[in-house]
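Two independent chains are provided; combine them into the complex using the hints.
What follows is each chain in one-letter form.
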Amino acid sequence: AQTVTQSQPEMSVQEAETVTLSCTYDTSENNYYLFWYKQPPSRQMILVIRQEAYKQQNATENRFSVNFQKAAKSFSLKISDSQLGDTAMYFCAFMKHAGDNAGNMLTFGGGTRLMVKP
Amino acid sequence: DSGVTQTPKHLITATGQRVTLRCSPRSGDLSVYWYQQSLDQGLQFLIQYYNGEERAKGNILERFSAQQFPDLHSELNLSSLELGDSALYFCASRYPLSFANTGELFFGEGSRLTVL
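Line by line, the protein sequences give chains A and B. The C-terminal position of the first sequence is numbered 118 in my numbering, with every residue numbered one higher than the one before it. The C-terminal position of the second sequence is numbered 1116 in my numbering, with every residue numbered one higher than the one before it.
Next up, chain B with everything else stripped away, as it sits in the complex (with noise of 0.2 Å):
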């Protein structure tokens, strides 16, 4: 257990619709990344939030959003969802770097998306 909560894990929708993903950081990690994993491919960054402020931008379409509440909770929103959106999303979360700590991204399980 990575400590990073994501919900739902499984959510099937129609294209069109719209769908939020939710996550839970680990204690103490300020850092949250979404990234998209569709089928047999690799991890494809979407977006960074540090401490409730968008850090980086990946290749995240327009139709997506995402945000980062006080409580260092992140949401990341997809709308007029299309097939080619089917995807795992994950979200990943790191601790701030320290003499101990390299900041490593630690990954919740994902919420597996499918846009019929």
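Extracted from the complex, chain A is given alone in its bound form (with noise of 0.2 Å):
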């Protein structure tokens, strides 16, 4: 079974400023996707960005990347110029590669919770 630990429970940040989340897995599967999803005050689940395993190329989405380590099994989210409407709890997660026809399901940290302050 895979685990994901996402280790500070909370985080604040000063607006413009830059933080990183960090979040370390556990698995014997060598292809898999990872993710960091955002949960605002609305409860909504949003995806922020993801990885493919076999890609060493860290995945980058506007003001959002990625420090993906496969060997450290470590994926850490790093967001830049933080905005106040960052402002949310945020949540790794990680799917193994299977069929689409495969029993599979996506496995998320505890999540961290994250304030911009201005």
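Derived from the structure by calculation, the hints contain no laboratory data. Mixed in with the good hints there might be a few duds.
No farther apart than 35 Å at their CA atoms in a straight line, the calculated lysine-lysine pairs in the DSBU-like style are these [stated by the list, open to error]:
id	chain 1	residue 1	chain 2	residue 2
1	A	70	A	55
2	A	73	A	55
3	A	117	A	73
4	B	1057	A	73
5	A	96	A	73
6	B	1009	A	78
7	B	1057	A	96
8	A	96	B	1009
9	A	96	A	55
10	A	117	A	70
11	A	78	A	55
12	B	1057	A	55
13	A	96	A	78
14	B	1057	B	1009
15	B	1009	A	117
16	A	78	A	117
17	B	1057	A	70
18	B	1057	A	78
19	A	70	A	96
Being a predicted model, the structure only gives us computed values, none of them experimental.
Given below as structure tokens:
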């Protein structure tokens, strides 16, 4: 079974600054996907960024980027130029690569609550 | 808007009662997932369906059951409700894997269940 660990329950950052959220995972799989989801106060789950394990290049989406270290099983999220709207709970998640009709689930970490301060 | 529709958005009921939560996946998505999120907790996987058949099961209580219908909508049935069942229940769907799609889950807005 896979496990995902987020060691920072809460973090804060000043507006316009950069913050990094940590995530580690444990798996025996070689091919898998990693995701960061954001859950703002509205409680909607929003995909922030995704990374395929077979890709060495780190994914980026505008102000969001990841540092994927496969050997270390680490997947951190960096938010640059933090904005007030980035205030949310952030969840790291893991899914093994499997066929469409295979049993497969997205395993979440416990989350990191990020507060962006003006 | 993720394209995943969940009803009802809010539900208040009493202990011992039974409720049904409904989910309509995005057009073209064959996989449906159910997750439970208790207050200030992470998301716990309950069950997955693919094209009408159960594919994976998490720590779903025996009092809970689900199914996916031929039109691909899904229902989560919660019975003999207890106070501890109060939570946000998410449905998510996933587009078939392809070169252009890594199969991420798209979540509905959730159904907030309060058991009094």
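query = Going straight from one Cα to the other, do residue 117 (chain A) and residue 70 (chain A) come out at no more than 35 Å?
reply = Given pair residue 117 (chain A), residue 70 (chain A) holds - Cα atoms ~32 Å apart, limit 35 Å.
Agreement of residue 96 (chain A) and residue 1009 (chain B) with the hint, judged by alpha carbon distance not exceeding 35 Å = 30 Å, holds
key: Distance restraint between residue 78 (chain A) and residue 55 (chain A), which requires alpha-carbon spacing of 35 Å or less   = 18 Å, holds
message = Would the hint linking residue 1057 (chain B) and residue 78 (chain A) be met if the CA-CA limit is 35 Å?
response = 33 Å, holds
Given pair status - residue 55 (chain A), residue 96 (chain A), alpha carbons within 35 Å = Given pair residue 96 (chain A), residue 55 (chain A) holds - Cα atoms ~14 Å apart, limit 35 Å.
query = For the pair supplied as a hint, residue 96 (chain A) and residue 78 (chain A), is the alpha-carbon distance within the 35 Å limit?
reply = Roughly 23 Å separates the two Cα atoms, so the pair holds.
ask   = CA of residue 1057 (chain B) to CA of residue 96 (chain A), is that 35 Å or under?
value = 15 Å, holds
task = Would you mind confirming whether the straight-line C-alpha gap from residue 1009 (chain B) to residue 78 (chain A) stays at or under 35 Å?
result = Judged against 35 Å, a Cα distance of about 33 Å means the pair holds.
query = Is it true that the CA of residue 1057 (chain B) sits at most 35 Å from the CA of residue 1009 (chain B)?
reply = Status holds; Cα separation ~24 Å.
key: Pair hint outcome, residue 78 (chain A) versus residue 117 (chain A) [Cα-Cα no greater than 35 Å]   = It holds: about 17 Å lies between the C-alpha atoms, which stays within 35 Å.
ask   = Are residue 117 (chain A) and residue 73 (chain A) close enough, with their CA atoms no more than 35 Å apart?
value = 31 Å, holds
ask   = Straight-line Cα separation of residue 1009 (chain B) and residue 117 (chain A) no greater than 35 Å?
value = Holds. Residue 1009 (chain B) to residue 117 (chain A) sits at ~31 Å (cutoff 35 Å).
Of the hints listed earlier, there is not a single one the structure fails to meet.
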